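K.L.:
Heads up: the sequence lines are chains V and H, in that order. Take 1 as the starting number for the first sequence in my numbering and just add one per residue. Take 1001 as the starting number for the second sequence in my numbering and just add one per residue.
Since the hints were made in silico from the structure, they are not lab data. A couple of the hints might just be wrong.
[What the hints assert, rightly or not] Anything over 10 Å on all C-beta distances counts as not near chain V; from chain H, calculated:
{"hint": "1", "residue": "Met1006"}
{"hint": "2", "residue": "Thr1034"}
{"hint": "3", "residue": "Ile1207"}
{"hint": "4", "residue": "Leu1377"}
[Said to hold, decoys possible] If you only want the chain V side, here are some residues facing chain H, beta carbon under 7 Å, derived:
{"hint": "5", "residue": "Glu19"}
{"hint": "6", "residue": "Tyr20"}
{"hint": "7", "residue": "Pro88"}
{"hint": "8", "residue": "Tyr105"}
{"hint": "9", "residue": "Gly111"}
[Stated by the list, open to error] Cross-link-like lysine to any residue pairs, in silico, SDA-like; alpha carbons within 20 Å at most:
{"hint": "10", "chain 1": "H", "residue 1": "Lys1381", "chain 2": "V", "residue 2": "Val23"}
{"hint": "11", "chain 1": "V", "residue 1": "Lys143", "chain 2": "V", "residue 2": "Arg127"}
{"hint": "12", "chain 1": "H", "residue 1": "Lys1020", "chain 2": "V", "residue 2": "Arg127"}
{"hint": "13", "chain 1": "H", "residue 1": "Lys1022", "chain 2": "V", "residue 2": "Glu136"}
{"hint": "14", "chain 1": "H", "residue 1": "Lys1020", "chain 2": "V", "residue 2": "Pro137"}
{"hint": "15", "chain 1": "H", "residue 1": "Lys1381", "chain 2": "V", "residue 2": "Ser22"}
{"hint": "16", "chain 1": "V", "residue 1": "Lys143", "chain 2": "H", "residue 2": "Gln1199"}
Because the structure is a prediction, the values reported are computed rather than measured. From the three backbone atoms N, C-alpha and C, an ideal C-beta is built for every residue, glycine too.
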Amino acid sequence: MSSESGEPPLLTVEEVHKEYGSVRAVAGVSLDVRDGEIVALLGPNGAGKTTLIRMLVGLTRPDRGTVAYYIDGETRTLLPAPALGYLPEERGLYQDVSAARTLAYFGRLRGLTRADAARAASEWLERFSLADRANEPLKALSKGNQQKVQFASAVLHRPRFAILDEPFSGLDPLNQDLFVRTIAELRGTGTTVLLSAHQMHLVERLVDRVILLSRGREVLRGTIPELRRRWSVGRRLVVRVAGHADPAALVGHPSVRQVDRTAVDELTVLTDDGTPLGDLLVAIGSRCDVTSLHAEQLTLHDIYVKSVEASLGNGGAPFDGQLPEAGDTR
Amino acid sequence: MSMWQMTWEVARWEFRRFLKPKQLVISMVTMLVTGSITLGIARVIGRGRTNIAIVALVGGDRVGLGADTLGKRVALQPRSLGSEAALRDSAQRGDLDGLLIVHDAARAELVVRRDPPWRLDLENALNGVAVKHRLAEAGLEAGALQRLAAPMALQLTRAPGAGPGRGERIVTGAVLTLSLLGLMTGMGFIFAGITGEKQQRVTEQVISAIPPQQWIDGKIIGLAGVALVNTLVTAVTFGGLFAAFTIATGRSFALAVDQPFLIPLLVLFPLLGFALWFAFLSAIAATIDDPHTSTKGSLMMLSFLPVVVAGLLFTRADTAAARFFGVLPLTSSSVLPLRLLMAEVAPWEVPLALVLLAGTIWVLRRAAGKIFAVGMLMYGKEPTVREIWRWAREG
Chain V
1 MSSESGEPPL LTVEEVHKEY GSVRAVAGVS LDVRDGEIVA LLGPNGAGKT
51 TLIRMLVGLT RPDRGTVAYY IDGETRTLLP APALGYLPEE RGLYQDVSAA
101 RTLAYFGRLR GLTRADAARA ASEWLERFSL ADRANEPLKA LSKGNQQKVQ
151 FASAVLHRPR FAILDEPFSG LDPLNQDLFV RTIAELRGTG TTVLLSAHQM
201 HLVERLVDRV ILLSRGREVL RGTIPELRRR WSVGRRLVVR VAGHADPAAL
251 VGHPSVRQVD RTAVDELTVL TDDGTPLGDL LVAIGSRCDV TSLHAEQLTL
301 HDIYVKSVEA SLGNGGAPFD GQLPEAGDTR
Chain H
1001 MSMWQMTWEV ARWEFRRFLK PKQLVISMVT MLVTGSITLG IARVIGRGRT
1051 NIAIVALVGG DRVGLGADTL GKRVALQPRS LGSEAALRDS AQRGDLDGLL
1101 IVHDAARAEL VVRRDPPWRL DLENALNGVA VKHRLAEAGL EAGALQRLAA
1151 PMALQLTRAP GAGPGRGERI VTGAVLTLSL LGLMTGMGFI FAGITGEKQQ
1201 RVTEQVISAI PPQQWIDGKI IGLAGVALVN TLVTAVTFGG LFAAFTIATG
1251 RSFALAVDQP FLIPLLVLFP LLGFALWFAF LSAIAATIDD PHTSTKGSLM
1301 MLSFLPVVVA GLLFTRADTA AARFFGVLPL TSSSVLPLRL LMAEVAPWEV
1351 PLALVLLAGT IWVLRRAAGK IFAVGMLMYG KEPTVREIWR WAREG
């Protein structure tokens, strides 16, 4: 595996296994993360994401398989502390210590000089609108503000590679947006990001690639457009009508593969890819009292749900992107 | 950042986090006030008039006992033999504090409402009376009796530097007390510092930044520093108070250590003991999931072992057992200082104890690092002793 520049990926994981007693937490996962990417590691609870992340950070060792980082022309099994940023799922802070001191401490542990750590702490507190509360003990801050400090403690040293396990959990929508922008900015300043999250709408806005795990195995990977193409079995039109929506109005039209009433006043029409829409739109206009109409793409949420359900139905084996039955998309 | 810099950074962090000068001063003042109040209460109680029990005496003339005050607590009032029955009723009702009926020099009866607190005083006094009576019966005159009862005055003449005197005993007591204080204080800080960190779920982020060995080393150094400062402040406060009290009351005050070269050893060994036991305590604390319910907290009491053993050997510092525990690494931090002050120490004992203690600290520190690395990331369950042992061996 190598990037377009010919260099190996920043992170290469090959056939990694981890078992706890009789539980197979990670079973033969391989992945790579290239320099400058934001990659999402997705999967349901218990899929093995955190176990895999802990191996990437070096907190535990794989039973089998390898983890390799390529950085500054060298291949290593672990990243040096200054190069790694880590926001763990299992997290907390020193409640009796101020935000400024906490951040400066983590900056020092990550290799910043004392002055640089203090400066970085101030910058991040300013960025998160916490400068005026810098010297208050963390226990005096709200959960959201503590989460900001926690996030800053993981990345204030501008690491080459940041692993963020559930960065959005517990945040309100405004702060979720703030974190999305901040992660994008981090990438802009040279930080490669691997993140795990359950907020698909946020992940969709942020990431370059997705790796989906289920029951310890990879079940899907690719960019979001690639995943859409793989999953998409047609075009979906959402038609809003005045009054009661009746699917019978469109059943039998040659361009319509399936039609469902998805709300009292809403029909969802599925057509095959590439089917000309002119006739169909005319038919819709003549047979329904249309108030609005739009085409809809599969969301990452849809792809996630379908892939995980399909993989669970398939004993957790990698999913090939083919639907069990054509049209069974709802 | 080098390993040492990492260790130092953690030590600095822990020291600054747990050393709270204002609280320390408040704590000292509170202790002084509490101590003064307790002392004052003790003095008031001591000076208070003791109630003297009035005990009717029947048959005292059989052993030459008459109206008398025995010690400060019992006054005897002789009565006639004929009044015994009435007096017995009075004593049992509690109208009288007691009725003492003396049958002969070997036998007496005390009639009371309930077992009195002055019973032992009465028994001791009666024994003395009985002995005198028997000696008199044996025909000894009063002068001879006095000579028999006179104590021998023992004057102590010590060769300079030849053994422990009062000064050495005070210094030994001070060293052991400070060791115990340091261990107790350190135990508190380490327990709070490590279990608190686990409960606050900080560990994973820290341990991704620095190796566990540097983390535990830093914690031990930082928290030991806090314990030492607390111990020294306590020692200076109460030592000063003791000195002032001693001088003010005109008592002698001599903290004698005949050989000044002992002083560095008296400091070094307890400090090494702190290092050893704090490493042990850190490892145990890392395996505790919930300090409120964990049974492993009792293991931490093991850290008092050296002081307890030294205390037991305080008056036997020159025995073979003391020599053994003086070089045994688990106890030498307190027992060797005891022996240095209170007994003759062979030239090989100090270097042997030092090497063994330093070696044990190194081994325990590494084992503690391995236990710490696993224990700090374990939430929700506590490892068994067998598991801890496996971690220590395998890492």
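K.L.:
Take the hints in turn and mark each one as holding or not.
P.N.:
Results of checking the hints against the structure:
1. Met1006: It is violated; Met1006/H is separated from chain V by about 7 Å at its closest Cβ, not greater than 10 Å.
2. Thr1034: holds, 26 Å
3. Ile1207: Ile1207/H is in fact no farther than 10 Å from some Cβ atom of chain V, at 7 Å.
4. Leu1377: violated, 6 Å
5. Glu19: With Cβ-Cβ at 17 Å, over 7 Å, it is violated.
6. Tyr20: Nearest chain H Cβ about 12 Å off; hint violated.
7. Pro88: At 4 Å from the nearest chain H Cβ, Pro88/V passes the 7 Å test, so the hint holds.
8. Tyr105: holds, 5 Å
9. Gly111: holds, 5 Å
10. Lys1381/H with Val23/V: holds, 17 Å
11. Lys143/V with Arg127/V: Holds, at about 17 Å.
12. Lys1020/H with Arg127/V: Answer violated: Lys1020/H to Arg127/V is near 31 Å, above 20 Å.
13. Lys1022/H with Glu136/V: holds, 18 Å
14. Lys1020/H with Pro137/V: holds, 15 Å
15. Lys1381/H with Ser22/V: holds, 18 Å
16. Lys143/V with Gln1199/H: holds, 17 Å
Comparing the model with each earlier hint shows violations of hints 1, 3, 4, 5, 6 and 12; every other hint is respected.
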